Amino acid sequence: MAGQPQREPKRPGTADPPMVRIALIAIALVFLALFLFIPVIAVFAEALQKGIGAYFAAIADPEARAAIRLTLMTAAIAVPLNVTFGIAASWAIARFDFPGKQTLLTLIDIPFSVSPVISGMLFVLLLGARTPLGGFLADHGIRVIFAEPGIVLATIFVTFPLAARELIPIMQAVGSEEEEAAIVLGAGGWQMFFRVTLPNVKWGLLYGLVLCNARAMGEFGAVSVVSGHIRGHTNTMPLYVEILYNDYQFAAAFAVSSLLTMLAIATLIAKRFLGRRVVPAKQEQDDLAIKVAA
Amino acid sequence: MSIELRNISKKFGDFVAVDKINLHIETGELVALLGLSGSGKTTLLRIIAGLETPDTGEVLFHGEDASGVAVRERKVGFVFQHYALFRHMTVFENVAFGLRVITRRARPAEAEIARRVHELLKLVQLDFLADRYPSQLSGGQRQRVALARTLAVEPKVLLLDEPFGALDAKVRQELRRWLRRLHDEIKITSVFVTHDQEEALELANRIVVMNQGHIEQIGSAEEVYHHPANAFVYNFLGNVNLFHGRIENGRVFLGDTAVELENTHAHAHPETGKAILYVRPHLLEIVMKPNGKQTFPATVKSINPAGPQVKVELVAEWGDMVQVEIDHERYQALHLEPGANVFLRPKEQKLFVYSI
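First to last, the sequence lines map onto chains W and S. Position 264 of the first sequence, counting from 1, maps to 264 under our numbering, and the rest follow consecutively. Position 288 of the second sequence, counting from 1, maps to 582 under our numbering, and the rest follow consecutively.
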């Protein structure tokens with residue numbers, strides 16, 4: 001019809017103007033570049049500045065290998081223990097009402113809310129050579145502080161909320177009906193656990209495991225306090241990186257750093273892959289809940 | 295297997311879910327526990343299954359106390375309201391679950407398990423879905439898989455918690471008939487929980503009407519519908535109009551109008567007291583002229599002619615809303631319009647009188 005006002009090309013009422021969109025995306029990308037991409041590239045560039053030979057020599061150094069070994073060992077002990085604890089705690093919290101449940105939920109978060117350095121101090125104050133408990137252990141030939149057991153303990157402490165925190169909401173969302181169904185169908189407690197409970201939280205559990213592992217290998221503060229920095233004995237990879245750096249051995253420091261960076265990248269990839277699996281399971285629950293509510 | 299409940303009580307905190315219930319269920323019966331949410335029916339069902347422990351009382355299976363018997367050894371089948379299918383297993387594996395968890399010595403061979411699973415899936419007409427996952431099925435299909443899974447362990451008692459509650463009306467009716475046929479075929483002692491009176495009336499041999507943790511009435515569909523034990527049961531089973539009035543010297547007053555009613559089924563009949571008159575919508579007649587004291591005046595509010603009966607909403611002279619259902623022929627003959635002043639004549643009513 002003539003005289004009808006010309007309109008701008010239509011866009012949905014909720015869409016932002018193009019300029020705003022471009023500006024927001026640009027800000028995000030610049031930020032990412034400054035704080036993520038450039039540092040990551042810098043780590044590898046620094047690590048390789050003296051050539052690939054020096055890079056591998058730095059990693060193959062006996063002290064570096066000892067640090068890698070200690071880090072792997074610490075993770076190998078801390079991660080399974082925390083995953084076990086995480087399953088037990090989340091199951092108890094999601095399934096049962098018991099006095100002190102809220103307190104337990106709060107206590108689980110303590111390692112998150114306390115500075116890692118203080119976590120380390122806790123163990124020194126508790127188990128150091130001059131304390132009664134530390135003295136008792138020392139008399140029996142067990143050194144905890146400034147030795148491997150202290151590092152493992154500190155790592156367990158700082159990582160223990162990770163698996164539990166990931167599992168509690170999933171366990172709660174899945175509910176107990178399937179478990180009850182398994183029991184009524186004649187399954188025993190362990191059969192129910194391995195055939196029904198565990199498969200239902202499988203992806204969430206792996207997700208928690210990946211996060212727990214990354215933190216266990218990368219922990220600096222708490223471990224630094226209890227380690228004593230004995231080269232070749234009580235140095236984990238992050239501590240070793242610091243020592244190298246303070247010794248002006250930048251190429252070697254960055255070479256070991258690059259291993260931790262690769263761990264971080266692998267963790268991110270695993271996290272993304274697993275996260276996608278965890279979310280649909282939750283989504284399905286929500287759909288069901290909506291249907292039920294309707 | 296017969297079930298006997300003796301003096302069962304269960305509290306959750308301060309809330310009394312089940313209050314001293316006694317109930318006997320014969321072998322092969324299909325019994326409905328009917329009640330509103332919060333009436334304790336699901337708790338009672340879970341107590342029978344062993345999923346809840348009663349605070350007092352005992353459950354007897356076939357005359358034997360089952361209190362110390364673990365859930366997995368009770369030989370009960372439990373169908374959950376939201377199916378509780380194992381979401382990470384295929385339909386086949388879901389149905390096979392009960393067979394796979396049997397101790398190795400007693401467990402049937404793999405070929406035997408497969409045979410039985412397919413047999414059950416054929417029984418529920420879902421054999422073609424054996425490889426699917428629960429999330430790929432419709433609600434009705436999921437419920438049938440849940441039933442097949444339960445039947446796989448050959449339970450002696452089948453317990454169903456709102457089995458059709460989460461399904462739409464059409465599927466619900468279909469499944470209802472299907473369950474009735476299944477029960478006629480395999481004659482397993484069954485108890486199902488429902489809040490849907492129509493479902494209970496259509497499906498059950500006997501209906502247990504529950505309210506606030508206790509039993510209001512036990513009886514066949516015929517008994518509870520036509521001979522309700524009390525006002526609650528009458529009110530709960532089917533639509534009903536409720537007139538608050540009073541009774542003076544044997545005469546019933548609604549508002550200021552005295553009505554003389556024929557065919558009144560009165561319960562407890564003091565001469566004077568507060569009276570509640572219950573009349574089902576289809577037992578009220580609309581007439582254009584008053585007929586002595588058997589009618590009372592009302593004004594038509596709205597008319598809904600969709601459906602097998604015409605639903606007319608009226609306001610009685612003293613302000614109560616009244617629902618009436620008349621057939622289409624009568625509706626045509628009356629030429630009803632909203633706003634019309636008419637008279638209502640109860641054909642049959644229940645009078646429950648409470649002394650003041």
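FYI, nobody ran anything at the bench for these hints, they're computed from the structure. One thing to keep in mind: the hints can contain errors.
[Unchecked claim] Chain W regions said to be covered by chain S (calculated; three or more residues, Cβ under 8 Å):
| no. | region |
| --- | --- |
| 1 | 184-190 |
| 2 | 228-238 |
[Said to hold, decoys possible] A few chain S positions that, by computed beta-carbon distances, are all more than 12 Å from chain W:
| no. | residue |
| --- | --- |
| 3 | Leu330 |
| 4 | Glu367 |
| 5 | Arg381 |
| 6 | Met383 |
| 7 | Arg475 |
| 8 | Ile512 |
Treat the numbers as computed from the prediction; the structure is a model and nothing was measured. Ideal Cβ placement from N, Cα and C applies to all residues, glycine included.
**Study point:** Numbers of unmet hints, in rising order
**Key:** Violated hints: 2, 4, 5, 6; rest satisfied.
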